[in-house]
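*Asks:* Sequence:
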Amino acid sequence: MISNLTIRVAHIPEELLEIEKIRRVVFQVEQGVEQDLDFDGLDEICDQLIAYLNGECVGTARIRYLDEKTAKIERLAVLGMARGQGIGQKITEKALEVIASKNIPEVLINAQEYVKGLYQKLGFQQEGEVFEEAGILHVKMRKNLIC
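Counted the way the working numbering counts, the sequence shown spans residues 1 to 147.
Ranges between beta-carbon positions, derived for each pair: (1) Asn-110 to Gly-84: 20 to 30 Å; (2) Ile-146 to Met-81: 32 to 42 Å; (3) Thr-6 to Glu-132: 29 to 39 Å; (4) Met-81 to Glu-20: 17 to 27 Å; (5) Asn-54 to Glu-129: 36 to 46 Å; (6) Arg-8 to Val-29: 23 to 33 Å; (7) Pro-13 to Asn-144: 26 to 36 Å; (8) Asn-103 to Gly-80: 34 to 44 Å; (9) Ile-12 to Gly-128: 24 to 34 Å; (10) Gly-84 to Ile-136: 13 to 23 Å; (11) Leu-137 to Gly-84: 19 to 29 Å.
Derived from the structure by calculation, the hints contain no laboratory data.
These numbers were taken from a predicted model, which means no experiment stands behind them.
Backbone N, C-alpha and C define an ideal beta-carbon position, used for all residues, glycine too.
Make a model of the complete structure from these sequences and hints.
*Replies:* So, in C-alpha cells, the structure goes:
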C-alpha cells in the first residue's frame, strides 16, 4: 500500500509544466512518440490528473469529455522510478471517480496493448482489433459506469 501517494485534479496552468515533463519523458523519450501527437492542443479543455509520491510529481492522466455521455481517459503516464507500485491503476481509479461525479455514464480508453490487463481489472472491455497509434499497438476499451 502506498500511503504517501496523492492524486488529484491538477491546478492548471500552474501544474501543467510538471504534467508536460512527465509526458515528455514517458511518451517522447521512452516510447518515441512525436511531440505534436502528444501535445495535441486539447490539454486546456481536459481535466488533468496529477500524482505525487513523497511530494514528487510522478504520474498523470487527462480526461477529455467527448460529449455529455462519454469521457475518454488519455495520456496516462507514470515515471519509470515509480512504476510497479500500482500508481497507474490508482490514477485510473481517480479518473473514474471524477468522471462518475459528473454523471457521465461511459468511459473510453485507447490502451497500449501491453497494459490492457490493468484496465480489464477495472472493468473495461476490449472492443475490436488491435490497432497502431503513434507506432504503438493499442486496443479500444470501454466501461459503463451506470449498470
